[in-house]
Amino acid sequence: MTAAAHPGEAPAPTGFFSSDRFAGYLLTAAVLLPMLAFLVLPLSAILLYSLRGPGGIGLENFTHTFGAPRFWTLVVNSVVMSVVSTVGTVVLAYGYAYGLARAKVPFTGLWRIVALLPLFAPSLVQAQGLILLVGRNGVFNRFLGFDIDIYGFWGVVISNLLAAFPYAFLILSAALAVADGRLYESAEALGARPLRIFRTVTLPATRYGIAAACFVSFTLVITDFGNPMVIGGDFNVLATEVYNQVIGQAQFGLGAVIGVVLLLPAALGKIIEKRIARKQHALITAQSKPLVIRPALGRDVAWSAFVVAVGVLIISVLAIVIVASFVRLWPYNMTLTLRHYEFDVQNGTAPIWNSIFVSFASAIAGVALAGLCAIVVQKVRTPLSGPLSLMAILPSAVPGMVLGLGYVLAFNAAANPLNVLYGSFALIIILNVYYNHSQAFLITSTSLNQIGGSFDEASTMLGASMTRTLGKITLPLIWPTLLGVGVFYFMRSMVSLSAVIFLINPSTQVAAVSVLQLSDRGAVNQAAAFSVCIMAVVVGCLALVRLVLVATGHRNITLIR
Amino acid sequence: MDLSIRGIVKRFGPLTALDSVSLDVPHGTFVCFLGPSGCGKTTLLRVIAGLELADAGEIRLGERDLSRTPARDRNFGVVFQSYSLFPNMSAAKNIAYGLECRGWSKPAIAERVEAMLKLIQLADHAHKLPAQLSGGQQQRVALARAIAPDPSLLLLDEPLSALDAKVREELRTEIRALQRRLGITTIMVTHDQEEAMSMADLVIVMNGGRIEQAGRPVDLYAAPQTTFVANFMGRMNLISVNIAADGRPVFAGMPLTLAGTAQATTRTLGIRPEAVWLLPAGAEGDNIFPATVREVVFLGNITRVAASPDAAPDTRLAIELHGAATAPAIGDAVAVALPAAALRVLT
Chain E
1 MTAAAHPGEA PAPTGFFSSD RFAGYLLTAA VLLPMLAFLV LPLSAILLYS
51 LRGPGGIGLE NFTHTFGAPR FWTLVVNSVV MSVVSTVGTV VLAYGYAYGL
101 ARAKVPFTGL WRIVALLPLF APSLVQAQGL ILLVGRNGVF NRFLGFDIDI
151 YGFWGVVISN LLAAFPYAFL ILSAALAVAD GRLYESAEAL GARPLRIFRT
201 VTLPATRYGI AAACFVSFTL VITDFGNPMV IGGDFNVLAT EVYNQVIGQA
251 QFGLGAVIGV VLLLPAALGK IIEKRIARKQ HALITAQSKP LVIRPALGRD
301 VAWSAFVVAV GVLIISVLAI VIVASFVRLW PYNMTLTLRH YEFDVQNGTA
351 PIWNSIFVSF ASAIAGVALA GLCAIVVQKV RTPLSGPLSL MAILPSAVPG
401 MVLGLGYVLA FNAAANPLNV LYGSFALIII LNVYYNHSQA FLITSTSLNQ
451 IGGSFDEAST MLGASMTRTL GKITLPLIWP TLLGVGVFYF MRSMVSLSAV
501 IFLINPSTQV AAVSVLQLSD RGAVNQAAAF SVCIMAVVVG CLALVRLVLV
551 ATGHRNITLI R
Chain Y
562 MDLSIRGIVK RFGPLTALDS VSLDVPHGTF VCFLGPSGCG KTTLLRVIAG
612 LELADAGEIR LGERDLSRTP ARDRNFGVVF QSYSLFPNMS AAKNIAYGLE
662 CRGWSKPAIA ERVEAMLKLI QLADHAHKLP AQLSGGQQQR VALARAIAPD
712 PSLLLLDEPL SALDAKVREE LRTEIRALQR RLGITTIMVT HDQEEAMSMA
762 DLVIVMNGGR IEQAGRPVDL YAAPQTTFVA NFMGRMNLIS VNIAADGRPV
812 FAGMPLTLAG TAQATTRTLG IRPEAVWLLP AGAEGDNIFP ATVREVVFLG
862 NITRVAASPD AAPDTRLAIE LHGAATAPAI GDAVAVALPA AALRVLT
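First to last, the sequence lines map onto chains E and Y.
Just so we're aligned, residue 1 is where the first sequence starts under this note's numbering, counting upward by one.
Just so we're aligned, residue 562 is where the second sequence starts under this note's numbering, counting upward by one.
To be clear, the hints were calculated from the coordinates, so they are not data collected in a lab.
Beta carbons: idealized from backbone N, C-alpha and C, even for Gly.
The calculated lysine-lysine pairs, modelled on DSS-like cross-linking and capped at a C-alpha distance of 30 angstroms, are: (1) E:Lys270 x E:Lys379; (2) Y:Lys689 x E:Lys379; (3) Y:Lys667 x Y:Lys654; (4) Y:Lys679 x Y:Lys689; (5) Y:Lys667 x Y:Lys689; (6) Y:Lys679 x E:Lys472; (7) Y:Lys689 x Y:Lys654; (8) Y:Lys654 x Y:Lys727; (9) Y:Lys654 x E:Lys379; (10) E:Lys472 x Y:Lys689; (11) E:Lys472 x Y:Lys654; (12) E:Lys104 x E:Lys289; (13) Y:Lys667 x E:Lys472; (14) E:Lys274 x E:Lys379; (15) Y:Lys727 x Y:Lys689; (16) Y:Lys679 x Y:Lys667; (17) E:Lys472 x E:Lys379; (18) Y:Lys679 x Y:Lys654.
Computed far set for chain Y versus chain E, every beta-carbon distance over 10 angstroms: (19) Val728; (20) Ile804; (21) Ala836; (22) Glu881.
Using the sequences and the hints, build the whole thing.
Listed below in structure tokens is the structure:
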């Protein structure tokens with residue numbers, strides 16, 4: 001029976017042109033098209049350039065690169081440095097998280113924040129602080145009579161270790177936070193000593209967390225670029241080599257080859273980590289009861305000492321940078337001054353304002369695009385939903401430097417109509433959006449899952465269109481999460497260096513790059529002042545948003561990730 | 562307008578959730594889909610609502626084919642198990658939502674919302690958020706929200722299962738009274754046979770994606786056609802029989818007299834515990850067997866007795882004695898009668 005038989009009734013909209021399906025395809029396109037242009041295209045460009053040599057398409061760049069002994073030195077340097085740094089950071093972070101979760105350490109909340117401090121600054125601040133502590137003109141060598149040579153392998157290892165520490169800590173403290181108290185009680189009742197309980201209960205329950213922390217740290221360290229630049233001296237790694245090839249020698253093809261090489265461990269690590277994360281959940285059942293920590297003097301004192309030692313190390317590396325920013329000329333003239341905050345360097349305070357502007361814009365664009373992507377994947381069922389969700393989490397396997405290089409290769413090309421964006425803030429903002437896309441997407445998806453689909457269905461059955469449901473129901477329910485995503489974007493964009501380094505020109509200078517350039521030039525105090533400004537802006541933003549959330553009654557939103 | 566459903570098929574991957582389901586719901590009736598979890602009752606409700614798209618089949622309301630109509634254009638009201646009241650809106654705002662979607666004028670909405678709140682006796686709670694209301698109040702608001710836009714069909718998806726027993730009973734009566742008053746065709750999904758029997762004009766018993774039996778509650782109870790329905794709607798004794806050459810079923814070595822007729826393929830007869838008679842030992846007649854008492858459980862208003870026919874000691878017949886009957890003791894020799902009128906042929 002068709003509607004024509006009932007002149008009194010309007011025909012119900014069906015097929016493609018029903019408004020909901022139309023809106024669905026429109027939203028899908030709004031998410032998919034920029035993703036193709038700004039994620040898939042740059043990554044394809046890397047692969048393409050790595051295959052394009054002077055003699056046409058082929059493996060020439062690869063054979064050229066792999067044939068050079070220098071390349072294999074860099075590979076060995078990168079891998080050994082990353083392994084040592086990863087082992088160190090995971091061991092320290094495990095002990096730190098274990099002490100906080102399983103012993104009675106005073107001021108637990110404070111020490112948790114201390115563990116996360118390195119996230120508030122560009123990673124190369126670690127190298128900066130380390131040089132001020134134990135460098136040629138550092139506190140130890142200069143004033144305490146030591147003779148330490150920190151430049152090179154160990155400097156890079158330690159600064160990367162500190163930079164990766166909060167990431168490992170977040171994973172491990174989550175793994176240690178959940179524990180089935182019954183297991184510990186039965187182990188104790190069976191007469192197991194603490195060491196045996198640790199070996200047979202704690203370690204097996206957290207081994208997935210350990211593995212995940214290892215992969216995340218390794219990926220971060222092997223692709224980090226700022227620390228080896230600042231403290232590496234003659235010690236070169238793959239990440240710095242990409243920079244040298246591309247910026248120093250304009251060898252895009254060779255840079256792209258190393259980019260592909262760096263993509264491999266990152267992507268592999270991501271896949272393994274995802275597999276592992278899936279298994280972690282089944283450990284706790286509804287019948288589990290939480291583990292209660294009873295005071296034990298000896299154990300508590302020992303763990304407190306360990307936590308304080310690591311915490312003080314983290315603080316002192318950052319604190320020395322703050323101190324250096326306030327003295328006239330480290331280490332020769334230690335009188336206090338504010339002159340480095342006058343920023344009478346090239347560009348003045350512009351890089352800081354640029355950073356704030358770029359980060360703010362990235363936060364807004366990121367919330368819109370990644371949030372919309374999560375909504376489209378969950379709420380709009382089209383044949384494209386599957387590929388879309390895969391693409392949405394793709395960036396988590398792409399090192400920032402590789403993506404940044406992809407942007408240069410894709411948007412510096414005259415054939416690309418989008419090349420008008422090259423050299424503008426817009427492209428830097430877009431890069432930030434897609435570099436951090438997967439985490440923002442996953443945070444929003446989780447929040448949408450927690451709300452569930454029943455409100456949508458209720459709204460639909462009451463006659464609401466998809467866009468009305470989105471505006472009246474979904475968005476009002478998830479805004480605190482979206483605010484959290486915005487903060488995440490803001491923080492990451494303020495501190496990220498390796499992703500944007502290729503896209504910077506003098507008129508689009510951001511603060512993290514200023515730190516690198518000033519350190520490179522030996523302007524230690526000014527570099528420190530820039531770092532302090534970045535940290536102050538990040539902390540200020542966190543405090544402000546936390547205040548808004550508390551004032552509106554949303555206490556359980558995680559801001560630091 | 563009558564609702565007519567023809568040959569609905571719904572598959573989820575390899576699983577067939579609905580296997581060619583057809584049924585008719587006359588205008589103004591209250592229908593219950595009853596069955597265990599996974600029987601397809603909720604899927605059928607969701608297909609009718611338009612929240613799931615059927616792989617095959619047709620849904621008609623009156624003369625209108627709704628099979629391809631998007632859910633939001635069907636003008637059906639739904640109440641979900643989890644209430645699904647919008648947590649960011651007050652009770653009044655929740656009720657107004659469907660009216661806003663239909664573009665009602667502000668004064669008309671205000672008037673309708675007020676009438677609805679009065680109808681569910683929550684006029685004082687108009688501006689409370691869902692979190693400030695009790696479970697029963699939330700479900701009443703959900704009901705008001707569903708019927709406010711005057712839907713042509715009301716769908717209730719286990720609306721009472723999240724509530725505690727006392728509130729559930731109150732709401733049962735309230736929903737039924739409201740449905741009668743508004744004369745709105747209503748379909749409710751439930752797994753609670755008592756709920757279905759006490760509320761519905763028509764009960765559809767579902768199992769494994771098919772309709773097992775449909776009928777008035779009293780017919781389903783008195784005359785179940787399958788062992789599944791017999792067991793799902795209360796308790797029933799199942800008696801294994803063989804069919805003799807003359808076509809009569811034989812139990813414990815004795816041919817049984819039936820009110821109906823057995824088929825050559827009949828293997829099981831059913832009889833309700835309260836329909837079995839307990840007689841003194843030595844009683845004789847059609848369908849009467851000498852038996853031994855195995856178990857006696859006193860429950861106040863009724864006494865449950867289990868007895869086994871002496872010729873079929875593996876069969877235990879459950880018998881319910883009402884009032885202050887003088888119950889036998891375990892081991893007593895008795896006789897049990899299976900009245901022909903109460904014996905049902907089951908498939």
